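K.L.:
Line by line, the protein sequences give chains A and B. Here the first sequence is numbered in our numbering, starting from 374 and rising by one per residue. Here the second sequence is numbered in our numbering, starting from 374 and rising by one per residue.
Derived by calculation from the structure, the hints in this document are not laboratory data. Just so you know, not all the hints are guaranteed correct.
Copies of one chain are not kept apart here, so a pair can be met inside one copy or by any two copies together.
Below are the DSBU-like pairs computed for lysine-lysine, each with C-alpha atoms no more than 35 Å apart in a straight line [unchecked claim]:
{"id": "1", "residue 1": "Lys505", "residue 2": "Lys563"}
{"id": "2", "residue 1": "Lys767", "residue 2": "Lys555"}
{"id": "3", "residue 1": "Lys592", "residue 2": "Lys555"}
{"id": "4", "residue 1": "Lys800", "residue 2": "Lys505"}
Small disclaimer: the values here were computed from a predicted structure and weren't measured.
Number of protein chains: 2
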Amino acid sequence: MKVILIKQAVQNDKMKLLLWVYLLLSALNLQAQDREVALPNQKQLDYQQAELGVVFHYDLHVFDTTKYSQGVNRLTPVVDYNIFNPTQLDVEQWVITAKQAGVKFAILTATHETGFALFQSDFNPYSLKALKWEEGKGDLVRDFVDACRKHGLKPGIYLGIRWNSFFGVHDFVVDGTGEMQKRRQKYYNKMVEGMLTEICTNYGPLFMLWFDGGAGNPKNGTPDVLPIVQKYQPNALFYHNDQLAEMRWAGSESGTVGYPNWSTFPFNFTGSGESAPPMIAKDNFALLKHGDMMGKYWVPTMADSPLRGYNGRHEWFWEPNDEQHIFPLKNLIDMYYKSVGRNSTLILGLTPDNRGLMPNSDVVRLKEFGDEIKKRFESPIASTSGKVPVLELKLKKKQLLNQIVLQENIKKGHSVKKFHIEINENKQWKTVHAGTSIGHKYIHLFEKPLESNKIRVVVDESFNEPDFKLFSAYYIKK
Amino acid sequence: MKVILIKQAVQNDKMKLLLWVYLLLSALNLQAQDREVALPNQKQLDYQQAELGVVFHYDLHVFDTTKYSQGVNRLTPVVDYNIFNPTQLDVEQWVITAKQAGVKFAILTATHETGFALFQSDFNPYSLKALKWEEGKGDLVRDFVDACRKHGLKPGIYLGIRWNSFFGVHDFVVDGTGEMQKRRQKYYNKMVEGMLTEICTNYGPLFMLWFDGGAGNPKNGTPDVLPIVQKYQPNALFYHNDQLAEMRWAGSESGTVGYPNWSTFPFNFTGSGESAPPMIAKDNFALLKHGDMMGKYWVPTMADSPLRGYNGRHEWFWEPNDEQHIFPLKNLIDMYYKSVGRNSTLILGLTPDNRGLMPNSDVVRLKEFGDEIKKRFESPIASTSGKVPVLELKLKKKQLLNQIVLQENIKKGHSVKKFHIEINENKQWKTVHAGTSIGHKYIHLFEKPLESNKIRVVVDESFNEPDFKLFSAYYIKK
Chain A
374 MKVILIKQAV
384 QNDKMKLLLW
394 VYLLLSALNL
404 QAQDREVALP
414 NQKQLDYQQA
424 ELGVVFHYDL
434 HVFDTTKYSQ
444 GVNRLTPVVD
454 YNIFNPTQLD
464 VEQWVITAKQ
474 AGVKFAILTA
484 THETGFALFQ
494 SDFNPYSLKA
504 LKWEEGKGDL
514 VRDFVDACRK
524 HGLKPGIYLG
534 IRWNSFFGVH
544 DFVVDGTGEM
554 QKRRQKYYNK
564 MVEGMLTEIC
574 TNYGPLFMLW
584 FDGGAGNPKN
594 GTPDVLPIVQ
604 KYQPNALFYH
614 NDQLAEMRWA
624 GSESGTVGYP
634 NWSTFPFNFT
644 GSGESAPPMI
654 AKDNFALLKH
664 GDMMGKYWVP
674 TMADSPLRGY
684 NGRHEWFWEP
694 NDEQHIFPLK
704 NLIDMYYKSV
714 GRNSTLILGL
724 TPDNRGLMPN
734 SDVVRLKEFG
744 DEIKKRFESP
754 IASTSGKVPV
764 LELKLKKKQL
774 LNQIVLQENI
784 KKGHSVKKFH
794 IEINENKQWK
804 TVHAGTSIGH
814 KYIHLFEKPL
824 ESNKIRVVVD
834 ESFNEPDFKL
844 FSAYYIKK
Chain B
374 MKVILIKQAV
384 QNDKMKLLLW
394 VYLLLSALNL
404 QAQDREVALP
414 NQKQLDYQQA
424 ELGVVFHYDL
434 HVFDTTKYSQ
444 GVNRLTPVVD
454 YNIFNPTQLD
464 VEQWVITAKQ
474 AGVKFAILTA
484 THETGFALFQ
494 SDFNPYSLKA
504 LKWEEGKGDL
514 VRDFVDACRK
524 HGLKPGIYLG
534 IRWNSFFGVH
544 DFVVDGTGEM
554 QKRRQKYYNK
564 MVEGMLTEIC
574 TNYGPLFMLW
584 FDGGAGNPKN
594 GTPDVLPIVQ
604 KYQPNALFYH
614 NDQLAEMRWA
624 GSESGTVGYP
634 NWSTFPFNFT
644 GSGESAPPMI
654 AKDNFALLKH
664 GDMMGKYWVP
674 TMADSPLRGY
684 NGRHEWFWEP
694 NDEQHIFPLK
704 NLIDMYYKSV
714 GRNSTLILGL
724 TPDNRGLMPN
734 SDVVRLKEFG
744 DEIKKRFESP
754 IASTSGKVPV
764 LELKLKKKQL
774 LNQIVLQENI
784 KKGHSVKKFH
794 IEINENKQWK
804 TVHAGTSIGH
814 KYIHLFEKPL
824 ESNKIRVVVD
834 ESFNEPDFKL
844 FSAYYIKK
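With the hints as extra help, turn the sequences into a complete structure.
P.N.:
Pasting the structure below:
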């Protein structure tokens, strides 16, 4: 049992009462406090603190003239792979675009579901080596990591290994029969492990290795990827296979998470969309969306959405005339509040066009988004921090406010289980909002402005001593 | 009905009798003469007149350290294709070696059963483009055709499309199930048609396009190769698919054909070893070995054998320590008599080693072979020609002879159906040998030398007027 220290002076009777209530509730939670506290590793801390990232999708079919269909793409090799010919390729422009959106890291699909590798692989001949473009010497992974480092973004790599229409891989399994299937499966696994080793050893430290749709489980015959990442990229977040998930998909591609959203999870793996175990898949992935307050494992969320997901489309890959499907700014801001504001990292899907550039409409929208987020969060009225169950923020004067940000020190895991917000009106504290999970960040935008010279967060229930890294108040003119 | 003109003067009674017998037998064959005579096209003439060729086999597994097994190879992709690294490659040395054996054309396996392409393909990424070797710029087909032309050999290309362990093709069929199989099959066919178009359009005129094991039938879902060859390489011999075979495998890989060996065949296709129709496969491919005297189609034979096929092995691909399996000279000479000497072209399988050179032992044996053939055939005692049923060869004096060569003018097809050889002993003609098919070339080596000043060939049965391009006699000191 840990002793809860209340450092802040008790100032009035109501505060005393609150303190007793708090101590009483804490005592009732002794058993919970005794649990082995789930804590983030350094990679997860970095990931959560980054808050915003992008994933660039780029593949052969960006260059075809037909509408992308995942179902067709997974089954149908692209006959003329030399359509891949980004004549104005400028990967720095991609990265600068992402940076203007305020992101801290960027990820590139080194392979997606065609199986085509955007780098110089000695294990997968179906790669940039096969192209006329750049005389077969192109290496988009190299261009990408270089551009990221030049512009201060952390580079991560996405490897799609679950599908490969060229080699004939469907849900990890090489399509086929009998002995040939067995041998080509073995070969495919070696190919994947070889590619992963190349990615892990040729391009410097990576922020993340993302296996989309997971990487299965070597016990079930899929490639054995975890030891390779652990050996060569121990500081890269591993997402994910059936052995380990250092982050979790938040159960939708809407760019949002549920609330509450606990970084804690009952398992250290998650399965993945189509193959999640029933306890994870049930209720439309409720467990992924919310996590589990009592979970023994730290598995923070990733809210993802393609930028071009508005108005009837949901496109991870560039196609002409999709500009009207770029999310309006207000939708992106809403996503931000429902992801970053709910203890999740938000990863936006961007897709450069067939020239090799981020299209202008996307560039403009992303800059608007970055500017708006900056505007909304760069100037709090006041901020404080403290390891207390009741943390008060004093303003210089009575004034309008309509937004608060709370941050726990998640190095200690989730401490707060339940809290509410009060403002002081006519020397009386009045509850104006209540919540549960906080974690790395909790943002609340009030519908109508409040007016006060004091606001406080009151922890109603907690596992441990609360440790608020930040409590800020803002007034945003809409 | 064609009139048989006997131009040569009738010299004695025996000759008169022979002439009457000949005319009588010819008359009995009127119906046969009325058949549409099967005639070679120019490509087939060139092919038969070339008499000797080689086919170079080269593929990834030349560089592995395990014994080649066709069964394993057809099912098992080579994990590290970068083992392909012929550090001393000298394709001219291959061609010079072949030329010293006396061959007129050479063929290279641009793809064999791994599916790996030895050229710069824009349709098959599993090609030299994928290699570290030569920084992915190597092109063995280019090197090969250039070397052939420099040294006066006609280059042909062998494309193996029936098996592909990398892409998962087994007996033309992409291994798999359902929709993915259908789509990958379609893709594979396009890949093959693309590669073939590259081979046909990028490397100048080719002597032959060799689809080993055939190229199936597009009606049954295999690639549609015939129109491509007919369009871009109308002067290349097409070997072969289920629509057309401009030559035929002679039913074994022993470097020999049967006797008789008619260039005529009842069909204009042959199927191929494993998939030959029953009427072709029966009696251990007897029809391929002998042809059909009454066949309506001109489909000359190819007797093939690997040079390393002696003493318990039969290796088309180089492996270390196989030198003792190079055929001894006398076996090669025997092959020559039983192929070229029986109206067939002989194609020897050569395989450069992992340095990229023809091994010295092979070079030495091939030169011995070329020298021996030259020695045996460069100095006839006497030669003649003539469009007569009885063609006499007068020697300057009574002398020893032990070998004859007969050649028909096969532009007119097979004329001779049956013949015998007589020598003059004490002014009496005496039969010393008898045969049936002649065609492009018939060689007979007598076990014991004969002695005479005259030798003649007597046509016993024929379709048309005999037209002997050559009748030579030799005395070979053994």
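K.L.:
Hint by hint, which ones does the structure fall short of?
P.N.:
Hints 2, 4 are the ones this structure does not satisfy, whereas the remaining hints hold.
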